[in-house]
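**Q** Chain by chain, the residues:
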Amino acid sequence: MVSSFRHLTTPLRWTAVIGLLFFALTASSCNSPDHMQGIVRIGLPEEPRTMNIFLASDATTRNVLRQIYQPLYEDHPQTLEIVPWLAAGLPVYDAGKKTYTITLRPARWSDGRELTSADVSFTAWLIQEFELPGLSSRWKQVERIETPDATTVVFYLKRPIATFLSRTLEAPIVPKHQWATIAEAALKTEKPLATLLNHEVENPVGSGPFVLKKWSHGDYLYFDQNPYYFASGQTIGDRKIGPYINGMLFKIYGTTDVAMLALRRGGIDMFWQGIQPGYIDILEKTPGIEVFLSPKSALYYMGMNTRRPPFDDTQLRRAVALLIDKDFIVDRLLQGRGTKMFSIIPPGNEQWYNPDLPRYADGETRASRIKAAYELLLAAGYSWEIPPVDAKGNIVPGEGLRLPDGNPMAPFTILTPPADYDPARAISGTMIQEWLRAVGMPASARPMEFSSLINQIKNRHKFDAFILGYGRLSLDPAYLGSFFSSSNDKPRGWNMSGYRNEAFDQLAKSADTEIDSAARRQIIFEMQKMIIDDVPYIPLYVPSLIEAVRTDRFQGWVPMLDGIGNRWSFNEIKPNSASPGVQIVKFRL
Amino acid sequence: MTLNRYIFRRLIEIGISFFIILTALFLLFHLAPGDPVARMVDPGMTAEDELRLIAQLGLDQPLWHRYLKFVSNFFSGNFGISFHYGQPVSQIIANRLPNTILLFTTAVILSALAGVWLGKIVAWLKGRPMDTAVTIGALVCHTLFLPWIALLIIWLLGYQWGWFPITGMISPEVWIAPGTSMLAKAIDVLHHMVLPMLTLFLIHFGSYLLIMRSSMLDTLAEDYIYTARAKGLPERMIRDRHAAPNAALPVVTSVGLSLAFSINGGALTEKVFSWPGIGRELVFAVSNNDYPLALGCFLLIAAVVLLANLVVDVLYAFLDPRIRY
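Chains as they are written, first to last, in this note's numbering: chain A, 1 to 589; chain B, 1001 to 1325.
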């Protein structure tokens, strides 16, 4: 053997050496060593951007940091009602003084120091002082905070606000002893907010079930159990809290295709991102994997610019709503993994969803839709060179649509995100274009790069119509007011369609201050009806959240609105006693 | 002109070119129609929140003001703060660059060595079945669609046969194990390098082989090769000592530039293999309008490519005694 190697030419020797190395490095799967027992391995679509909770604006970073930073209150996974988390009970409201009093559970930070009312008060100060984007608006109505003792916090409000519990008190609490010096230093700089947001937190101190042990940038994050976790062994919201796992290992996957291969092969136990319906069949056939389909608190919709023709006409917007075939979108484009939407609030949010709203020819045939839209537009004064319904009542391609003033309808554009960003929205745009053209509307769908699209719609208001979505809406419907109040019809405001209705504005104000839940529910129902009647937005669909996990490794995942990747799951999952062990591809050199 | 004067003149040219590139890139990013805070906002943010964020990022300043600040910061070593990560761009690049260099320089060098070696052999055997087969194979490799071949390799060698890790640069399970030795960690990295390196090898190898073969065929028609044959030198010596070194010159240029461009990390390769390098960050920065990070990455690539051109030109003088500056 050695002598035959000597007879080889130098390049061939090198080839042989490389070849031998290649085969020496080939590996076989083997079961895990002990240190991986009880550690759940989670694939992430991208690396978390930071451990600074105030810079976390993307879903991945927030998901990861939710294991470290805890709020005072949390949503129950089944009832979606607010349950005390760091707080010991529901707040006591004093209507006369406009105060909420909260008592904290006995809790410690992950460095062993006591979590007190001073930390809550400090967090509120930090949010207000730095006017932290996304948080400060929720705390605007808090006038001052008193901390009579270490476990009691009294919030004095300027006026009653309905979202105080669901929005304000669900903010994460940070430790004063870590953040006070950071805040002080930031305040001395030219740009305090930027300094605070860009502060690199290498060792985040939290009160959650896990604590960061190691972050190898670009490769992985390793979370260990927090030995001081306040909820461990307690019953909260009728659920026994763990955690029953020893840690979390986050791995980063550049593409979903590869992440799915890793999941099927046992390289990860969960991929923390919704997956496309096309993967479901193959995942369901893989032993040990369970696929979860959960409703999402999301909204995918078509918006129209009510500030200018042609969509300043409510009748035309209603005609568009009649022409859109939501069944087609859900059955064909989403492959049945979604739900048609008839309100701005998703149907999964049962507490606030109004089921009795106009459905605009839902379930009817294409011909019926065209006839209904034709009749509506005809009655509103629109005319055609060739009407889409002929004298005998047959459907024909409509042409030359004219506005009530007799002028031809100018061509208009439906802006959508590009297909590589979201194929469902891009193709929905093309389909809607065709449905509108059938009645002679000169519509064109145009995909546009996402940030340019937002710039055009939200900042410049230069558009006719668009298709967008909110992938994660809060459970509280306060966003209804944001999306449609006249005061938000301004550059960078959320009222992108430019909808203006004084009656709606009044309702939005009432909804904002109504403390009584039942009364507020009626107001929210009325607001939904108003929007669906006037259709500045046409709700299209809400896709199901598809998630897959290896239940042969961990069991006890908690399904809820927005999926199984929730706080409850990681407090409740337990290693499967029949687990095959972690599969690690190891070299056998 | 002496070599030193030539290098000095080229360095001045490189400085001017770099400044033009810097200005062009800055304008391209800042005049692009996208909104840099578009992906940072959610319905919980008010318009005032957005404006505050824009002011904090310095994007509310006039363009010329931002440009002057960028240039002065850049030449004082401050490449800015990434909008997304909130970290200095230099820190992010320093963290990712070694990973890219490790993978891509290894792949380029190995594929160049293999391409040159096989290219000279098949050129020598021109017209024979081996030449035909290898040339067709090289053409196929040269035209492979990278994401497709990468996924195929992952599926076959990583998923089906389980010989290699599917993606990443390391196995966290190995690295977090108590008492893992440095050797074990080094081998783990090597193990993860195999699949992306094989992909890159296949992609690059074909072009080097074809360049070498073509150049070798031209060289073999030179008079000095006939002279060598007439002197009765052994065929192998003529091929390896007389023809190959001269024929390899175009490959040197190609390798030099490939090495320089490898800094961008072949974004697709890094994305598919989840390799934590510059390419992956570059794609991410561009698609998320993270101007400081994208500018930092592009300017690094520009600097390396400009310098690599100079190095290749100077290298020519050493490799080919006929070239004088």
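No lab work stands behind these hints, which were simulated from the structure alone.
Note that the structure is predicted; figures quoted are calculated from it, not measured.
For each residue, glycine too, the CB sits at the ideal point set by N, CA and C.
Possibly wrong hints are sitting among the right ones.
As the list claims (entries may be wrong) - According to the in silico footprint, chain A covers these stretches of chain B (three or more CB under 8 Å from chain A):
no., stretch
1, 1037-1046
2, 1072-1085
3, 1089-1101
4, 1175-1187
5, 1244-1254
Claimed, not checked - Quick look at which bits of chain A chain B covers, simulated, 3 or more residues with Cβ under 8 Å:
no., stretch
6, 105-115
7, 216-225
8, 350-362
9, 529-536
**Q** All the hints need checking, so say for each whether the structure fits it.
**A** Results of checking the hints against the structure:
1. 1037-1046: holds (count 9)
2. 1072-1085: Held - the stretch 1072-1085 of chain B has 3 residues with a Cβ nearer than 8 Å to chain A, which meets the minimum of three.
3. 1089-1101: Coverage by chain A holds for the stretch 1089-1101 of chain B (3 residues, Cβ < 8 Å).
4. 1175-1187: With 5 residues closer than 8 Å to chain A, the stretch 1175-1187 of chain B meets the three-residue bar; holds.
5. 1244-1254: violated (count 0)
6. 105-115: Since three or more residues must qualify, the claim that chain B covers the stretch 105-115 of chain A is violated, with 0 doing so at under 8 Å.
7. 216-225: holds (count 6)
8. 350-362: violated (count 0)
9. 529-536: As far as the stretch 529-536 of chain A goes, the hint is violated, because 0 residues have Cβ atoms under 8 Å from chain B.
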